[in-house]
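Participant: Starting from the structure of chain A, add chain B where the hints point.
What follows is each chain in one-letter form.
There are 2 protein chains.
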Amino acid sequence: MVAILLSLTDLAIYGVLRVYGVRSIRWSRIVRPIFLINFAESRQIRRAFRSIRNTLPEITYVFLLFMFSLLMFSLMALKLFGERNLQTAEGLPYFRNYLEIVFDLYVLVTTANSPDVMMPAFDFSSWYALFFIAFVIVNTYIFMSLFLAVVYNNYKKHLKNEIRKLAYMKRRKMIEAFNLLKEEEGEQLVVREARWKQLVKLVAPDISNSHRELLLRISDNEQKGFVDKKSFVQLADLLNIQVVTLKLRSHPLARWVPRVYGSAASRLLRGLVRHRAFVWTYDAIILINAIFIALDEETPYISYAEWVFLALYVTEILLKVYTYEPRAFFGKTQFWNWFDTLIIFAALTATILNATLKSTTKYNSQQILDIVFILRVLRLIRIVDSIQRFRVIMNTLINIVPTMLTFGGLTLVVYCVFAIIGMELFHGKIQFFPADSNAPHALECGNPALKDSLFARGKYCKNNFNDFASSFIVLMELTVVNQWHVFANGFANVTVQPAKLYFIAFHIVMVIIIVNIFVSFILEAFFVEYSLEKSEVETAIEQKIQELGMGVQEDELQDEQLLDNMESDEHELEGEGGTKPQPKGLVFKIASKRYRTVDALLQRMFEAEIPLEDEGPSLEEILNLSPSAAIPRNPNSESVA
Amino acid sequence: MVAILLSLTDLAIYGVLRVYGVRSIRWSRIVRPIFLINFAESRQIRRAFRSIRNTLPEITYVFLLFMFSLLMFSLMALKLFGERNLQTAEGLPYFRNYLEIVFDLYVLVTTANSPDVMMPAFDFSSWYALFFIAFVIVNTYIFMSLFLAVVYNNYKKHLKNEIRKLAYMKRRKMIEAFNLLKEEEGEQLVVREARWKQLVKLVAPDISNSHRELLLRISDNEQKGFVDKKSFVQLADLLNIQVVTLKLRSHPLARWVPRVYGSAASRLLRGLVRHRAFVWTYDAIILINAIFIALDEETPYISYAEWVFLALYVTEILLKVYTYEPRAFFGKTQFWNWFDTLIIFAALTATILNATLKSTTKYNSQQILDIVFILRVLRLIRIVDSIQRFRVIMNTLINIVPTMLTFGGLTLVVYCVFAIIGMELFHGKIQFFPADSNAPHALECGNPALKDSLFARGKYCKNNFNDFASSFIVLMELTVVNQWHVFANGFANVTVQPAKLYFIAFHIVMVIIIVNIFVSFILEAFFVEYSLEKSEVETAIEQKIQELGMGVQEDELQDEQLLDNMESDEHELEGEGGTKPQPKGLVFKIASKRYRTVDALLQRMFEAEIPLEDEGPSLEEILNLSPSAAIPRNPNSESVA
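Chains as they are written, first to last, in UniProt numbering: chain A, 1 to 641; chain B, 1 to 641.
Each hint can be trusted.
Because identical chains cannot be distinguished in the list, a pair is counted as satisfied if it fits within a single copy or across any two copies.
In silico SDA-like pairs for lysine to any residue, Cα to Cα no more than 25 Å straight-line:
no.: 1; residue 1: K79; residue 2: N354
no.: 2; residue 1: K182; residue 2: D228
no.: 3; residue 1: K160; residue 2: E529
no.: 4; residue 1: K320; residue 2: A290
no.: 5; residue 1: K79; residue 2: E306
no.: 6; residue 1: K156; residue 2: M144
no.: 7; residue 1: K358; residue 2: F81
no.: 8; residue 1: K79; residue 2: L378
no.: 9; residue 1: K156; residue 2: N395
no.: 10; residue 1: K320; residue 2: W307
no.: 11; residue 1: K358; residue 2: F124
no.: 12; residue 1: K157; residue 2: M144
no.: 13; residue 1: K79; residue 2: L357
no.: 14; residue 1: K451; residue 2: G91
no.: 15; residue 1: K429; residue 2: F124
no.: 16; residue 1: K79; residue 2: Y128
no.: 17; residue 1: K182; residue 2: R195
no.: 18; residue 1: K157; residue 2: F390
Hint data in this document are derived by calculation from the structure and do not stem from the laboratory.
One chain only, chain A, in its complex shape:
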C-alpha cells in the first residue's frame, strides 16, 4: 500500500514538473521492485525479508563497532603514512586524505585491493606490514565472521520460531477438525471410517485408492472401523510423507510380444543390462568421451567419434527402457533417468540440426554449436551418480535447490533496486566500443575522465549501467567483490566522488547481509541433512507396509537396485507362481530422502520435541510468537509449506 501511494505521489510530482519543463528523477522506480515481493508467489521471499528485518538491529551494532575500528585504523594510517610522501604503483599520492584512506581500508576489508594497498608502505619499511596484518585479522577475519555469526544466529532463531508456529497451528487445526467430525463410540470420541475416507478424498484428491487404504490401516491400526483422536491428529503428517505406489506391472512388451520378450536371448540381454558391469562399462565410455571432447575436433576421426558416442548413449537408454518397466523408469523420483534422457535427446537434436545446417549452408551455427558443446559436457555429470559418497553430497545439493530459488528472488529484488538507482546515476556515462572501433576515446570507454584509470586499463568498458541486463551483470561482479573498487573509482571519476557510496551501500546490503544469509542457509540445510533420522510417523508407515507384505525390502535401495528388485519380485511371481501374498500386484515405498525440502525436515525436527498430548498454546499465543506472520488457510497447505 505504502509503495502504491509513493508511486502515485511520484507520478503526480513528475507530471507537474514535466508541465513546467523540469526533468526530475522518477525516484519511485526504486520502490517498484517491492511489488515483486507482494504480488508474486513469494511467501518464501517475504519470510526471508522478515528474517532480514529482524536481524537488522543486532547487525547494526556490530556494524557500528566495525566502522569504529575502521575509522581508528584509518586515523592510525594517516598518522603513520600520511607524511612519508609515498606513492602508489600508479604514481598517485599514498594515504594523504582521510576519507580516501577510509575508502581504501574499507576495500581492504573486502580484500579486493590486497596487497597493492600495502606495497608502498611495505617497500618503505617491512615493519609497516604489521599494521596491515593487524588490520586484516581484526576487520576481515574477525568482524566478517562476526557478521556471519550474527546473521546465522538470527536466521536460525527466526526460522525456528516460524517453524514452531506452523507446527502448533497444524496441531491446533487438526484438533479443531477432529472436534467437528467426532462421534461417540463407547467411551471414546472418534471419527468413523466413512467420514475419515471422505475427508481424505476431499483434502488429497490425487492419492490412489490403495494409498488411502494404507493410510487408513495405519490410523486405524486394529481395524475397529474408526480413528481415535491421537491417530487423527497425525493425518496431516501421514499425507505429507510421499509414499510411492509401485505397481508391479509386467513390461508392456511382455504383454504384447510375450514370446520374443521371454526368449532366452531377450532374458540374457536383460540380465546383462541389469548387471553391475553394465554401469561400469558406461562409466568407462563416459571417461573416454571426456578425453575425446578435450581433443581437437578438427580431425575427422574425432568428429565421427561424437556420432559413435551419441549412438552408444541412445542405445543405453533404449536398453534400459527395454529392460525396466518404462513407467517406473520415468517415475517422478527418478531424477537421473530424466536428466540422462533429456540431455541425450537434446544433444542428438542439436547435433543433427547442426550437421544439417553445415551440409546446407557450409557454416556452423554458433549458437547451436555452443549448445551442443555444453550438452556434450553435461552428459559427463552422470558419472557422479555412480559413486555412493558423491551421491550423498549431490542429494544435499538437490535438496537445497528449491529454497535456493528463494534467494534467487531475494537477490532479484535487491538487484532491481540497485539497478534502477545505478541507471539513474550512471546511465550513458560509460560506453562500450568494439576492439576495432575508431570512435574518439574508444580506449577510455568514450569518456576522457577515465584516461589512465584502472577501469579503462582493465578493459571494463562493457561493465556499465546503460541497460538492465548490463546493470545486472555489473551487480553480479560487485557481489563477487573482487575489483569492485576499480568499478567504484571508475564510476566516481565519470560522475562525482560521492558516487562511491552507491558501491559501498551495495556491498553492505548484498555481501554483508544477503550473501551471509545465503551461507547461513546452506550451513543450516547441510546440518539438517546430517542430523536426519526417520520420524516416528514414517517408521509407522513403513512397518505397516512391511506387515501387509507389500514392501520393498530396503527403502534406501539405489534406483537401479530398486528396479532390479522389482523385476526379481516379478520373476518370482512368474517362476514360483506367487507364493508370497501380493494381493494387488503393487508395492509401496517411501520416497527417498533426496526429494524432501529443508523446511519440511526442520518442521519434523521441531515436532519431535512436542509431546503428542500437547495441544500447543492458544491461538493468540501462537500468533504472538511473532506478530507479522501469515496464517495459512488449511491444515494441508500448512504442512506442505
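Facilitator: Chain B alone, transformed into the frame defined by chain A:
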C-alpha cells in the same frame, strides 16, 4: 619420534652426499615444524590438529566433487572459447590450453581474477556472462559454503566429544577421590569437614581462608560437619568458579591522612569523579582528541594540545586512584583500567622521550614517533566501553582471544612448513631494489623473466622468499587470497610452471581448511556466548553469598558502578556505624562473564545435560570415545582445561 628418525636419516644422507660433493636438498627441514607441536605448551594445537585429521576424509569427498565440477567447467570453457582467437587485456591468448583454463577457473573460485577472466568472452558476446555466473554460483558460493559446513560440522562434533570426555573424566575422578576419603556417618558415607578442608588446601593452595569457608558452607549446607557424596562431586566446579573476594578496605589515604581525605573538599571531589558526568566528560574529551589527531600537527597549537590531552588523561587516572581503592582499581578483572593506565603511561614515556631527542638531536626518532601515533589512537578505543551494546560484543571478542592464540599456533606451524618449502623453491629468484636503484632489471625484480608481468607491474618485488620474515608476509598475503594468481604466475615465470602447484596447495590447506576452522571457531564461540545462562552451581554460590549477607547487590554491575557500590557500603559502615552484619569486612562477587573461556562454557553446557547421579561410562568407555585423547592428571587441571 617419526620426525626425529626422518631428521636423522636426512642428516646422514646429506652428510654422505656432501662428502661426494653433491648438493642435496635438506628435505627434513619440512618436518621440523612438527617439533613445535610436540614440544611446546601446545595441547590446544594438538587438539586442533586432531580435529583437522578427523575432518579430512569428509572434506576429501567434497573436494573431489568440487574438482570434478571445476574440470567439467574447464572443459566447457575450452570448447566454448578456445577457438574464438580471443585475447586477454594483456594481449595474451585467452582460454586455449586446458591446464591453464583449469588454473584460471580455480583462481576464479577464489574470486581473485574476477571480472578480468570474464571480460574477453563478455566483450565477444554478452551471453557468455551466463557461463561465468553459473560457474561462480556453483563453485564459489555453493562449494565454498559446503566446505565451511563440513568443517564446522566436524569441528562441533569433535569438540563436543572432547568436552564430553573431559566432563566424564572429571566426574569419575571426583567419585574415586570420594571413595578414598569417605567415612561412615550414621547411614551415609561422607567426607568430614577436617579432611575436606585439608583436601581443598592441597588442591587449591592459593584461595583465601574466607573463600574456602564460603565453599564449605555451600557444600555442607546444613552445617552438619561433613560433606555428602553429591556435594563432594561438585567440588571441582565450585573451585572452578572465580569468586572475587573484595576486601572492604578503606582507602590508604583515609588511613594515612584521615583528616584531609575526609574533608568536605575531598568528599566533593570524590563525588564528582563517581558521577556519571565524569565519564561523559572524558568521552567528550576523547572525541575532541580524535579530531585533533586527524588535523595536521605541524601547527604549534596542535602539538601543544597533545600535551594538554596527555595531562588530562593522567589527571583522570590519578583522580580515579584517589577516589577508588587502588588495589580494587587494579584488580585482576579490571581489564579497561589496566588498558588505560598502560596506554597512557606508555604514551607519556614515548612523548617525553621523543621531545628530549628532538631538543638534543633536532630530529624526531621515526620509530618512537610511530609508537606515539599508535598509542595516541589506541587511547580512543576506550570510548567503546562506555556503550552497553558495544561492551557485549567486545566481551565476546575478548573471550575469544585465548583460543585464537591456538589458531595463531596452528597458522604458525603451517606457515613454517610452507615457508621452508617456499625458500627451497624460490630463494633468491626475486630481488627487491629501492626505487632509485640503478641495478640491471631493477624494475623486473632483478629477473628478466618478469618483464611485462603483472607481478613486476604491481611492484611486488619485495614479496619474495629470500628470508623467513619475507616468506611469512607473502604467505599472509596468500591467505588473504586477493592477487594470489599474480604471485603464482610471477614465481612460476622465474622457476617452472608446476611451481603454481605450491600456491594451489597453500590455498587448499590454509584457506579451505584452516581459515574455515577459524571461522567455525568464531561462530561457535559466538553462539555459546549467546546461549549462555548461569549454571546451577554458580547460582548456589551466589545464593549462599547473599544468605551470608556478604554479597554485592547485583553481580552484573559495571566496573565503575561496582566500585561505587563498594564505596557506598563503606560509607554506610562509616556513617551509620555498621548496621548491616559485615563480620569480616569483605564481600564476595562472582567474576563477570567476560573472563571465561569458550571451552569452560562448552563444558558447563554439556554437564548440564548429565544428571548428577550418573557416574558416567567406565574408564575404558571414556577413553574409547576417541582413542587418541590425552588424559589430564588431576581433577582440578581437568576442569580448568
